[in-house]
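In order, the protein sequences belong to chains A and B. Counting in the working numbering, the first sequence runs from 22 upward without gaps. Counting in the working numbering, the second sequence runs from 15 upward without gaps.
No lab work stands behind these hints: they were computed from the structure. Where hints are given, some of them may not hold.
Unchecked claim - Which residues of chain B face chain A? A partial, calculated answer using Cβ under 7 Å:
1) S58
2) A96
3) T97
4) D98
5) R99
6) L104
7) P107
8) S156
9) L160
10) V161
11) R236
12) P245
13) L246
As the list claims (entries may be wrong) - Non-contacting residues of chain A with respect to chain B, defined by C-beta distances greater than 12 Å in every case (computed):
14) R420
15) M438
16) P470
17) L632
18) R781
On a predicted model such as this, the values are computed, not experimentally measured, just so you know. Ideal placement from N, C-alpha and C gives every residue a C-beta, glycine not left out.
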Amino acid sequence: MTPAPPRPAASAPAAPGPSAAGRARVEVFGIRHHGPGSARALRRALEEYKPDAVLIEGPPEADDLVSLAADPGMVPPVALLAYSPGRTPSPDGGEGAGRQAAFWPFAEFSPEWQALRHALDAGVPVRFCDLPAAHQLVRQHDPGAPPEGDGPQPPAGRPPEQGEAHGIRMDPLGWLAKTAGYDDAERWWDDVVEHRRDGPSPFPAIAEAMTELRARLAELPEPERGPDLLPPGYLRREEQREAYMRRTLRRALKEGYERVAVVCGAWHVPALLEQVPAARDERTLRGLPKTKVAMTWVPWTHGRLAGASGYGAGVRSPGWYHHLFTSGDRPVERWLTEAARMLREEDLHVSSAHVIEAVRLAEALAALRGRPLAGLDEVTEAVRAVLCEGNDLPVELIRRRMTVGERLGSVPERTPMVPLQRDLQAEQRRLRLKPSAIDREYDFDLRKPLDLDRSRLLHRLRLLDVEWGVPQEAQGRSKGTFRESWTLLWRPEFDVALIEASAWGTTVLEAAAARAEAAAARAASLSELTSLAERCLLADLGDALPAVMRALADRAAVDSDVAHLMAALPALVRALRYGDVRGTPTGPLRTVVDGLVVRVCVNLPPAVTGLDDDASREMLGRIDAVHGALSLLGDDGHTDRWLRTLRGLADRDGDRAVHGLLEGRLVRLLLDAGRLDDAPVRMARAVSAGTAPDRAAAWVEGFLAGGGLLLVHDDDLLRLLDGWIAGLPGEAFTAVLPLLRRTFGGYAAAERRAIGERVRRLGGAATAAPRGDRDSENDGVDAGRAAAAAATVLRILGWEAPA
Amino acid sequence: MTSPTDSTPPGGVLRPHAEQQYADELAGLAEHDDRPRPPGWRLSPWAVTTYLMGGELPDGTRITPKYIGPRRLMEVAVATLATDRALLLLGVPGTAKTWVSEHLAAAVSGDSTLLVQGTAGTSEEAVRYGWNYARLLAEGPSERALVESPLMRAMRTGAVARVEELTRMPGDVQDTLITILSEKTLPVPELGTEVQARKGFTVIATANDRDRGVNELSSALRRRFNTVVLPLPATVEEEVEIVSRRVAQIGRALELPETPAGLEEIRRVVTVFRELRGGLTDDGRTRLKSPSGTLSTAEAISVVTNGLALAAHFGDGVLRAADVAGGIVGAVVQDPVSDRVVWQEYLETVVRERPGWQDFYRACREVS
């Protein structure tokens, strides 16, 4: 280890104290947020300096939470969360109010975290010295007030894209990098600070550079300093923050600490060393608006640090930084070996020889580019050219898994939490569902109690806007109602959502029920209510169901629009069926469904008169949906009533006749239900010469919509249709051709071919009875040889005991 | 042993080698190059990169950019050679693979002529060595009866050997390279000797993975290469830059009458090529069918050069739509049936509607 002690260039006699502080010393360490090199250097510097108090840039409200960082259960990445507690939820469910929360993320390689850990290990008091979150959060209420600002660590309130753009413009490191001939400030910093593993402390030099820069900035004329480019009030906010930092420092000295270490962004170092009269800072800080703020630790993810979205911290490669910080030596070799292992796990052949060549290439590249050590760019190029043989896909895999590296931190048990969070944790333990930052698929069998409870929990969380699990609907349906597929992915902001939702109740169940009841009270439409009812059933919210049902029944009673009623029915019927599978009491739901069916049947006939093409098409979809729902329901009384209604519509004639599309469809539905014995006659009538061609074609479309199999199997129908088309006059045929095309285009190719073949046979042997045809086919079967196979099949099906 | 290609090219050569054409730049770079050079290299890796990407020397000599595209690719290529690994340049046709390999060889060893061209008929002798049979019969096996391949000569002199179109060689011939690349020796069992490569020897191979009729590289061989994939030009601007620069160079070499290469016309050719290649118009509004041809930048260059010749000799000396129309149609319509449909569709739906393209539309209508 180099014996060079940290130069006291960055230290200064304490600013305020008259005499007591004469011996007191302050050391200010300018760091880059989330820089592993800074973290390592800081750790070493602190070990040598042995401070008796550590001040860290961060919200002072978190001072009480500091001790938690020493808990073995605390695993970074974690974040300090500041939020406004005890807000009563707004009547619209809290969405409109906007999130009032700010995060201060820490990774293992964050210098702040290292400072925290060092102080805790050494038993030295730690304080946060940034402007209190109470002032930062309040700004969001007032759009006129200046937004807060901190380049590399933007609190949540500020839109991140704006923060970044302005942060870069304000980026002092960018200036330094440009002077050093780098086009990329990050890379410059990496080369100069982050990639150094040993050697003298960089902090004095950083402090000097920053002092120089700030002096230069002050000399520049106003326009070039570009206050117009900065967010309004940015400079004032900076001033306030630095004033607060100085004030905290002064207080620490007044309390008698003699070796104070301050850890803050490099930019602030000169400001802290500056001699500013305490009165001026007090003036700056006087009368700042405040709000009530509560703080806690929440788990964070590397993905969030990477800042792809949300409350990112703007670190592009947290996984790489983590590696740089944690790997003892030979980071490039270790990284590439790790990458090779990962590729092997994905069955991509990568040998040690590959790794050797990749290391050589990375080093040669670094030398070519004049960098002291191969950085992420070089290593990635080497991975691409050697390990992945020029293929971009595995490179992307490595970027996702390693460079960003999905890592979810955790917080210890005794972290302050709202009861809702605690309840969720207990549930997670009970149901053995672990939050993870990598999405994972789950397949629940709802017949098992554990899986059923898991499904209920996820559904309840969804009602609370915590979309931890996202149901994979398509798969679930096809596997039957007792199966559900979910994709689970925990995101840090769920903690915020939970804290917000905690106003609704202390347990997930309670909160979800209260939330559902409130949603029912303000639901705007019937379909909204029905889907809410469905969700309540899925989430097993027996408490909320009566309220939702009451709202639903009320709404259905006054809603005169049959379209709404019809739209509502399928979801409710589905909910009834789910209820059966899940053993949920569905009594009240049943009542609502009964009422709805009657209303639909009564209201439908007047609603289908005088519809134009588009309206008829919509109505067709609704009728189909209701029909499907009623078949699912399997209630004979309802089905009978429904079919009678349809029959009445189909029987209308003359001016009162429903649209051709609908009539065709109705006839078809009735035919399928066995309620019609005169279908051929109806069809002949519908397509006969007396009917306008477009109506006839619409009739055919409605009649045939959804399945051509009927035509394949019902020769009489096919012959009717065939005769109609063949008999059309040339002009009329051209007119209906597009409509026919549309109908037939909807069939599967195989169906169309089968229909075509039937038609050809109709034409060829029109006189030969089709039945005879079929009989002759039957004659081809050798009953004796088929018997054995048939017996086996019957045995498999369990219909017949072995002979 | 000095290479004959170091001298200036004799007059009247149609296409001088890179080291001849850019002899001044190479000399200038060598003069100012104070960085360490790997053994056997004429220039340091920094200077090689500058030679490829362009720059300016302290004495004001301008180094023209040879490769227009991401700098990092060239850095990877140069670093690969500096670690005496073999370099595989991969990409679709017309992405300047051969061009880059020639200039790399010229800059690193001052000799870009040690070249094996891969074809379906390339034999093992072309890669290793052959025999002068008259001498072999008269004197028996001896060093003097041996006919060296370019690779063998490169090994002896410690130079960069180039293998063009590696994937077009039959697989067993490709695998001849494995020993050379891993052991860096070439045994000659007939004489009981071997040729050991001297420092500076390495191989640059080019291959394209898109074409029909290629032989996949065996994984054993693939492992011995570092792979750099050369992309198609990223933007219209970049491609226009490449085309106009190359067209100017070719025009000078062919001593075409001085014709102002209308940037507008070049942009038009490049736009047509990019749109058809990508199957999408530049504004992203219209989907297009793509023709069967590759429509590479190289083809765009030849279309423009062709157009320039037409304009100079038969036209009014200015590159006009009519001069390039024929070339474009020829490049696009490779398959007379399906490509013609694609082209007609493009012409009628995109070109016709585009403001300012009327002359081009008419010219294309005339020739197609």
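Let me make sure I understand: some of the numbered hints might not hold for this structure. Which ones are they, in numerical order?
Of the numbered hints, 1, 4, 7, 8, 9, 10, 12 and 13 do not hold.
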